[in-house]
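Using the sequences provided together with the hints, build the complete structure.
One-letter residues, chain by chain:
There are 2 protein chains.
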Amino acid sequence: MKTLYVELGARRYPIHIGADLLGRAELLSPNIRARQVMVVSNETVAPLYLDRCLSGLSRFQCESVILPDGEQYKRLEVLNQIFDALLKNRFDRQATVVALGGGVIGDMAGFAAACYQRGVPFIQLPTTLLAQVDSSVGGKTAVNHAMGKNMIGAFYQPQCVIADTQTLNTLDDRQLRAGIAEVLKYGLIGDSEFFQWLEAHGAELMARDSDALAYAIERSCQSKADVVAADEREGGVRALLNLGHTFGHAIEAGAGYGCYLHGEAVAVGMCMAAHLSARMGWLESQDESRIERMIDGLGLPVRPPAGLTAQRMLELMAVDKKVLQGRIRLVLLKGIGRAVISDDYDEAALHATLHHFCV
Amino acid sequence: MKTLYVELGARRYPIHIGADLLGRAELLSPNIRARQVMVVSNETVAPLYLDRCLSGLSRFQCESVILPDGEQYKRLEVLNQIFDALLKNRFDRQATVVALGGGVIGDMAGFAAACYQRGVPFIQLPTTLLAQVDSSVGGKTAVNHAMGKNMIGAFYQPQCVIADTQTLNTLDDRQLRAGIAEVLKYGLIGDSEFFQWLEAHGAELMARDSDALAYAIERSCQSKADVVAADEREGGVRALLNLGHTFGHAIEAGAGYGCYLHGEAVAVGMCMAAHLSARMGWLESQDESRIERMIDGLGLPVRPPAGLTAQRMLELMAVDKKVLQGRIRLVLLKGIGRAVISDDYDEAALHATLHHFCV
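These protein sequences, in sequence, are chains A and B. Sequential numbering from 1 applies to the first sequence in my numbering. Sequential numbering from 1 applies to the second sequence in my numbering.
Since the hints were derived computationally from the structure, they do not count as laboratory data. In this text the structure is predicted, and so the values were computed from the model without any measurement. A few of these clues could be false.
[To be verified] Think about it this way: if two alpha-carbon atoms lie no more than 35 Å apart in a straight line, the pair counts; the simulated DSBU-like pairs of lysine-lysine are:
1) K2(A) - K322(A)
2) K2(A) - K334(A)
3) K88(B) - K322(A)
4) K2(B) - K88(A)
5) K334(A) - K322(A)
6) K334(A) - K88(B)
7) K2(B) - K334(B)
This is how it looks when you write it as structure tokens:
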């Protein structure tokens, strides 16, 4: 097991990464304040891991709530099921909420914890690669709105993150690939050496080589933890973690939540960001090709789904959280490992990029 | 105009109290970060004051969303109407939300501001006595759940509070009375001199004497501001502000939200807290009578609505936010002006109190 920390002063918390951590009471217990624990999971993950998780919580009064699986359920109405369960069981404001699942479960359980009685502690037990390398770390919680992804939420940090790498063995290939897209993101943003490593070892990740996975998870979590410690509430540098996300969120909302997985939409979004960057001469065109080749080689999509028009993409991008005073801000590339946030891009090049990708 | 401050370090904010403040641009403008302003109001208040409010905001891009009026609409589903309006108008994360109305509007607009894009600035323009003396100050925001009042929310401070006392002229007597109940609370909790003043001047408040109202609002806001500055997140002393509220919230939920106004339910709750305190010998019985006489004299209810049983009250009280490890904690009185929070009361005396009041 390896332990990293997100350095947030009094709210500093650990990320434990390793095999077979789910049932280990000594990792969970120190992070639970009182006796009540509500495990939030979904219909896919609960049959596989709920019992193991509960075995590490036998000292506590545990209840669970099982939500339907999929991004299309990440909404206010479904969030209410968590509140119903907490209230039905008379959970008080010292109760702990535990998120057992992927990014959707982590985002919803975290947001429910942020709001229940104006805030109760919570713990992240991410079971997908995407959640282990990205969404479980950093305290962004949210639900979607029909008009925009993650529009309703809170910055709310967990007590700890426990990433049991063994859970990746039951992840299907599509979910694994979607997680690798977010791993790749860290390389593109600020770690060209890691990008090269991924070019050499991507196939090992897809083959679930446990050493390769552990290395990729640790390096990704360290990147994320560093950025969050520097800029918890996204006043500046944290926005870089949104590489591919402005395009990606528009794809998710436009195609219908759940059609493309989040990581798949981000993969397309990174191709689009690279293309726009290259079109403006910010990125060498061989680097654009290298990025698209790598994403394509992993079996990830490199184009938005058919039927999503450039016009619709632009409308959806206009409600992105990085928009300020009517201007869409984008994370773009000035090289592999050199991301920048900018509203100083060429509008015509953005339109050309959208028309190039949306056919 | 009088200005008080809630001293919260970098999040310090002013409370302006006075006549004819609603349209005064110089009070609003310094608290608005960018150009977009969403005014949240309701069907009762908007026809009276929305135009005046907007006249002070002519420099900005203003939109408004008008919600139905009443505690029964303070729910997640209705909250969504605010998010719809923000997204439809492409409001970004520098947009400001303005709450124009009573406690329900303030709570909902504040919670929407806390969640929209994970937090945008907001301003309180309270138009009821209850909102001016209590709910607009201190950053408690929430919506109700069928099983418990204010169960889903956030601690989220406004940029400023502007209490235009002129708006009280259009308040109906019932709403005015409900506000006086919260004023009375400050006297009972920690200010026996103010309680005596209220005994002498209660009729002037009901007659809307503007000097008396201004004095009561200022003294109440100062009490609230002091408590919030000392204990923003209710780790200790802030819980005292819940005198009458554990009983009161159970009455609101049990009778159906909107049946008793919040202030009316709190009035009954304060009678119950006084009765229980007297029954245990903590409070002199003549002080109990004095409290009930005063509440009754103002025309406020002193009993829960018929049909609400002691058993149902107890069930509802068991989901109160002050419950810890299964034990209901209550704010009780050891004298007029001497409130305490306690889980060390006599359970049998609580049951007797509930049966005394719920017939």
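Against the structure, the hints:
Between the alpha carbons of K2(A) and K322(A) the distance comes to roughly 34 Å, so the proposed pair stays at or under 35 Å and holds. Under the criterion of a C-alpha separation no larger than 35 Å, the hint pairing K2(A) with K334(A) is consistent with the structure, at around 33 Å. Annotation: proposed proximity of K88(B) to K322(A) holds, straight-line Cα distance about 16 Å (limit 35 Å). Only pairs whose Cα atoms come within 35 Å are accepted, and K2(B) paired with K88(A) is rejected, the gap being roughly 45 Å.
For the hint pairing K334(A) with K322(A), the CA-to-CA distance comes to about 19 Å; that is within 35 Å, so the pair holds. Proposed proximity of K334(A) and K88(B) is supported: the alpha carbons are some 34 Å apart, at most 35 Å. A C-alpha spacing of about 33 Å is found between K2(B) and K334(B), which places the hinted pair at or below 35 Å, so the restraint holds.
Violated hints amount to a single one, hint 4; each of the other numbered hints is respected by the structure.
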